[in-house]
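K.L.:
The lines below spell out each chain.
2 protein chains.
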Amino acid sequence: MSDFLLQDLQNMGAKKVCLMTDRNLAQLPPVQTVLNSLVRNNISFQVYDGVRVEPTDGSFMDAIEFAKKGAFDAYVAVGGGSTMDTCKAANLYASSPHSEFLDYVNAPIGKGKPVTVPLKPLIAVPTTSGTGSETTGVAIFDYEHLKVKTGIASRAIKPTLGLVDPLHTLHMPCQVVANSGFDVLCHALESYTAIPYNMRSPCPSNPIQRPAYQGSNPISDIWAVHALRIVAKYLKRAVRNPEDLEARSSMHLASAFAGIGFGNAGVHLCHGMSYPISGLVKTYKAKEYNPHGLSVVLTSPAVFTFTAQMFPERHLETAEILGADIRTASTQDAGLVLADTLRQFLFDLNVDDGLSALGYSKDDIPSLVKGTLPQERVTKLAPRAQSEEDLSALFEASMKLY
Amino acid sequence: MSDFLLQDLQNMGAKKVCLMTDRNLAQLPPVQTVLNSLVRNNISFQVYDGVRVEPTDGSFMDAIEFAKKGAFDAYVAVGGGSTMDTCKAANLYASSPHSEFLDYVNAPIGKGKPVTVPLKPLIAVPTTSGTGSETTGVAIFDYEHLKVKTGIASRAIKPTLGLVDPLHTLHMPCQVVANSGFDVLCHALESYTAIPYNMRSPCPSNPIQRPAYQGSNPISDIWAVHALRIVAKYLKRAVRNPEDLEARSSMHLASAFAGIGFGNAGVHLCHGMSYPISGLVKTYKAKEYNPHGLSVVLTSPAVFTFTAQMFPERHLETAEILGADIRTASTQDAGLVLADTLRQFLFDLNVDDGLSALGYSKDDIPSLVKGTLPQERVTKLAPRAQSEEDLSALFEASMKLY
Numbered sequence: 001m002s003d004f005l006l007q008d009l010q011n012m013g014a015k016k017v018c019l020m021t022d023r024n025l026a027q028l029p030p031v032q033t034v035l036n037s038l039v040r041n042n043i044s045f046q047v048y049d050g051v052r053v054e055p056t057d058g059s060f061m062d063a064i065e066f067a068k069k070g071a072f073d074a075y076v077a078v079g080g081g082s083t084m085d086t087c088k089a090a091n092l093y094a095s096s097p098h099s100e101f102l103d104y105v106n107a108p109i110g111k112g113k114p115v116t117v118p119l120k121p122l123i124a125v126p127t128t129s130g131t132g133s134e135t136t137g138v139a140i141f142d143y144e145h146l147k148v149k150t151g152i153a154s155r156a157i158k159p160t161l162g163l164v165d166p167l168h169t170l171h172m173p174c175q176v177v178a179n180s181g182f183d184v185l186c187h188a189l190e191s192y193t194a195i196p197y198n199m200r201s202p203c204p205s206n207p208i209q210r211p212a213y214q215g216s217n218p219i220s221d222i223w224a225v226h227a228l229r230i231v232a233k234y235l236k237r238a239v240r241n242p243e244d245l246e247a248r249s250s251m252h253l254a255s256a257f258a259g260i261g262f263g264n265a266g267v268h269l270c271h272g273m274s275y276p277i278s279g280l281v282k283t284y285k286a287k288e289y290n291p292h293g294l295s296v297v298l299t300s301p302a303v304f305t306f307t308a309q310m311f312p313e314r315h316l317e318t319a320e321i322l323g324a325d326i327r328t329a330s331t332q333d334a335g336l337v338l339a340d341t342l343r344q345f346l347f348d349l350n351v352d353d354g355l356s357a358l359g360y361s362k363d364d365i366p367s368l369v370k371g372t373l374p375q376e377r378v379t380k381l382a383p384r385a386q387s388e389e390d391l392s393a394l395f396e397a398s399m400k401l402y
Numbered sequence: 403m404s405d406f407l408l409q410d411l412q413n414m415g416a417k418k419v420c421l422m423t424d425r426n427l428a429q430l431p432p433v434q435t436v437l438n439s440l441v442r443n444n445i446s447f448q449v450y451d452g453v454r455v456e457p458t459d460g461s462f463m464d465a466i467e468f469a470k471k472g473a474f475d476a477y478v479a480v481g482g483g484s485t486m487d488t489c490k491a492a493n494l495y496a497s498s499p500h501s502e503f504l505d506y507v508n509a510p511i512g513k514g515k516p517v518t519v520p521l522k523p524l525i526a527v528p529t530t531s532g533t534g535s536e537t538t539g540v541a542i543f544d545y546e547h548l549k550v551k552t553g554i555a556s557r558a559i560k561p562t563l564g565l566v567d568p569l570h571t572l573h574m575p576c577q578v579v580a581n582s583g584f585d586v587l588c589h590a591l592e593s594y595t596a597i598p599y600n601m602r603s604p605c606p607s608n609p610i611q612r613p614a615y616q617g618s619n620p621i622s623d624i625w626a627v628h629a630l631r632i633v634a635k636y637l638k639r640a641v642r643n644p645e646d647l648e649a650r651s652s653m654h655l656a657s658a659f660a661g662i663g664f665g666n667a668g669v670h671l672c673h674g675m676s677y678p679i680s681g682l683v684k685t686y687k688a689k690e691y692n693p694h695g696l697s698v699v700l701t702s703p704a705v706f707t708f709t710a711q712m713f714p715e716r717h718l719e720t721a722e723i724l725g726a727d728i729r730t731a732s733t734q735d736a737g738l739v740l741a742d743t744l745r746q747f748l749f750d751l752n753v754d755d756g757l758s759a760l761g762y763s764k765d766d767i768p769s770l771v772k773g774t775l776p777q778e779r780v781t782k783l784a785p786r787a788q789s790e791e792d793l794s795a796l797f798e799a800s801m802k803l804y
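Protein chains in written order, with my numbering: chain B, 1 to 402; chain C, 403 to 804.
Fair warning: there could be bad hints in the mix.
Label-pair ranges, simulated between beta-carbon atoms [claimed, not checked]:
| no. | chain 1 | residue 1 | chain 2 | residue 2 | range |
| --- | --- | --- | --- | --- | --- |
| 1 | B | 240 | C | 509 | 46 to 52 Å |
| 2 | B | 366 | C | 569 | 48 to 54 Å |
| 3 | C | 613 | B | 240 | 38 to 44 Å |
| 4 | B | 174 | C | 609 | 32 to 38 Å |
| 5 | B | 362 | C | 646 | 52 to 58 Å |
| 6 | C | 412 | B | 356 | 52 to 58 Å |
| 7 | C | 609 | B | 146 | 41 to 47 Å |
| 8 | C | 725 | B | 340 | 30 to 36 Å |
| 9 | C | 613 | B | 16 | 28 to 34 Å |
No more than 30 Å apart at the CA atoms, straight line, and that leaves these computed lysine-lysine pairs for BS3-like [said to hold, decoys possible]:
| no. | chain 1 | residue 1 | chain 2 | residue 2 |
| --- | --- | --- | --- | --- |
| 10 | C | 802 | C | 764 |
| 11 | B | 158 | C | 417 |
| 12 | C | 417 | B | 111 |
| 13 | B | 16 | C | 560 |
| 14 | B | 113 | C | 560 |
| 15 | C | 802 | B | 113 |
| 16 | B | 400 | B | 380 |
| 17 | C | 560 | B | 15 |
No wet-lab data here; the hints were simulated from the structure. Cβ coordinates follow ideal geometry from the N, Cα and C atoms, glycine included.
All chains should be built: construct the whole structure from the sequences, respecting the hints.
P.N.:
Structure, rendered in structure tokens:
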């Protein structure tokens with residue numbers, strides 16, 4: 001892998017490379033291989049290993065400062081979604097040095113300006129199988145001042161190249177494989193059931209103002225369904241046996257495939273509701289094991305029960321892919337059928353029994369709802385509009401799953 | 403459509419646009435709409451309507467000269483594969499004015515140099531549903547000196563944007579819909595059964611030397627299968643009823659989808675053998691109706707009978723998508739099952755009964771074989787190597803289909 005990476009860098013004319021990663025991964029083979037290769041080939045580089053898992057505006061700024069000072073002509077991001085997203089932001093603001101941080105942040109928190117400056121090449125090397133960030137033009141962070149997740153979204157920040165090497169996934173603990181796999185599962189389900197691109201409003205008056213998340217469309221649908229089939233076939237195997245290279249390779253590809261899909265179509269309620277869940281949880285023991293994927297999937301039975309009335313055929317179709325027998329199911333049952341299928345899927349994988357297992361109780365619902373409301377960027381892509389009462393009911397229904 | 407096209411051009415900073423098309427289409431709505439929009443918005447442009455259907459090196463050179471003189475900063479190609487391919491070549495050589503024509507032409511006929519110069523933006527607007535050229539980095543032409551089809555292949559010449567507007571397909575005569583649909587059918591079947599990317603040799607030592615056609619791979623497979631499903635569902639409807647917007651829209655997308663697939667994976671024997679078929683035919687009455695698609699599909703039953711022993715499961719899978727009942731079929735029968743399915747499919751669409759219906763007889767087989775031999779660019783992507791005797795037998799088996 002590292003030889004190709006090096007040649008690609010040379011083909012891009014890179015003379016001074018920024019390698020971004022996190023402190024943990026910096027000691028592990030995926031980063032060490034790249035480092036050795038850069039050293040051996042006399043390519044000038046600097047390492048930034050200060051990436052924060054679940055980045056914030058503060059951690060983005062730190063990486064941006066590093067990038068500005070370094071005046072790099074290419075970037076390599078080795079890690080999970082946090083690393084790739086941080087690197088996208090660093091590349092963007094170092095290429096647009098006179099911009100304020102909020103210029104490119106999604107409205108209404110930021111100004112959501114279109115990116116018109118040219119960026120440097122960025123090669124993304126994912127080491128988890130979940131975010132698909134190597135394929136998307138999105139960089140997500142916690143905006144600490146408002147205690148809200150938001151992001152930067154523009155196809156201009158999409159990595160030039162993704163090196164999807166399954167060997168990087170063999171070191172992942174089972175819990176990380178499961179939780180990042182749930183992220184893939186929800187990327188696929190949410191993008192496939194998102195509001196169709198031609199029903200989204202407002203329709204931008206100029207193509208350059210099209211949002212990164214355009215609603216479901218004939219291209220994203222293909223990726224969503226295909227990724228879902230892989231999840232159905234391989235996720236359990238990938239979780240249970242770290243040596244199952246076929247399963248782990250397939251999930252690594254599924255992560256990229258679902259990324260191509262949701263990176264165009266968008267996600268909706270599971271993701272919108274996940275941000276306060278992972279932001280507010282204090283007590284959960286496994287917080288280090290990619291809480292994002294878990295926060296996303298725990299509401300999925302409730303969410304798809306709620307959304308199914310809009311596109312029941314799609315909900316039934318995905319239930320069937322995940323193993324349900326839908327021969328006698330009516331479209332009216334679509335939500336319940338998919339929800340039951342998801343519960344069984346999560347139960348088989350020993351997933352915690354709902355938000356209560358993360359330490360949440362009914363008393364937390366108002367804050368969870370409050371934390372969801374600013375996530376309009378994604379929640380408005382849901383096929384069905386939600387009132388605050390709807391959101392309360394969805395959180396309540398997600399307290400226990402089984 | 404034309405408003406988006408215009409805004410996209412403006413977003414690209416276009417000040418002097420080259421509009422390429424052919425003389426027939428220049429009078430028709432797809433081109434007229436673009437023209438009116440350019441005029442109305444005061445964008446400086448020149449029209450080149452000298453595109454030759456089935457382009458040659460001579461016709462490419464003519465368009466290249468036009469492009470060089472015009473010093474354009476953006477291109478719009480409105481038409482079928484011939485127009486889009488001509489425009490790709492014009493953009494390439496006008497952007498690389500000191501190159502010899504053969505520099506970028508595929509080896510061994512040309513030098514096959516990698517493209518390292520930056521090209522101008524090119525927006526491709528397909529008006530037929532077959533070539534998928536709006537999605538590929540390939541431009542095919544007849545090299546008249548050697549009487550052989552060859553091309554230029556580099557992702558650098560891939561259009562910046564494709565505007566796949568189904569309304570452009572409603573004017574197509576049924577025969578053109580059928581023949582261009584056969585091109586889609588074969589793009590899907592050939593790319594899905596092409597030699598896998600990791601079995602192709604030689605493996606390039608540097609990623610920049612990767613050929614445009616890399617062999618079948620997990621990404622091209624998705625597009626091939628999906629395009630095939632659409633062909634199975636919609637081609638007959640699209641041929642039979644010009645008003646069937648759903649069917650014609652679906653085939654227009656299928657053309658682009660299959661293009662994304664084969665543009666990465668490549669095609670093999672049906673295409674390799676088609677070039678002498680369409681090049682040598684003199685008498686066929688419907689030559690004007692996209693003979694390419696017909697030349698491609700007439701050998702398909704013989705070709706897939708021949709190739710099936712290598713990847714029989716894929717041959718059975720595609721037969722099932724096209725309507726075969728494969729429950730009792732063995733992998734040994736895979737080729738025959740797919741061939742029978744294709745024959746039935748072609749019979750249902752009133753396709754001419756084999757190469758003999760195009761005026762060919764056994765006596766022509768040596769010249770057809772001779773014309774196929776230089777097509778190594780594609781024939782070596784077949785999953786099974788072919789001797790001259792094999793090629794003779796394939797042409798002979800394609801003389802009559804039913």
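K.L.:
Confirm or reject each hint.
P.N.:
These are the hints, each one checked on the structure:
1. 240(B) x 509(C): 46 to 52 Å: holds, 49 Å
2. 366(B) x 569(C): 48 to 54 Å: The hinted range 48 to 54 Å holds for residue 366(B) and residue 569(C), with Cβ atoms some 50 Å apart.
3. 613(C) x 240(B): 38 to 44 Å: holds, 39 Å
4. 174(B) x 609(C): 32 to 38 Å: holds, 34 Å
5. 362(B) x 646(C): 52 to 58 Å: Given range 52 to 58 Å: holds, Cβ gap about 54 Å.
6. 412(C) x 356(B): 52 to 58 Å: Holds - the Cβ-Cβ distance for residue 412(C) and residue 356(B), about 54 Å, lies within 52 to 58 Å.
7. 609(C) x 146(B): 41 to 47 Å: With Cβ atoms ~43 Å apart, the hint holds.
8. 725(C) x 340(B): 30 to 36 Å: Holds, since residue 725(C) and residue 340(B) (Cβ atoms, about 34 Å apart) stay within the stated range.
9. 613(C) x 16(B): 28 to 34 Å: Check passed, 31 Å falls within 28 to 34 Å.
10. 802(C) x 764(C): holds, 11 Å
11. 158(B) x 417(C): Distance ~27 Å between residue 158(B) and residue 417(C) Cα, so the pair holds.
12. 417(C) x 111(B): Given that 30 Å is the threshold and the Cα spacing comes to 29 Å, the pair holds.
13. 16(B) x 560(C): Judged against 30 Å, a Cα distance of about 29 Å means the pair holds.
14. 113(B) x 560(C): holds, 28 Å
15. 802(C) x 113(B): violated, 62 Å
16. 400(B) x 380(B): holds, 26 Å
17. 560(C) x 15(B): Measuring from Cα to Cα gives roughly 27 Å; hence the hint holds.
In the structure shown, a violation is registered for the earlier hint numbered 15 alone.
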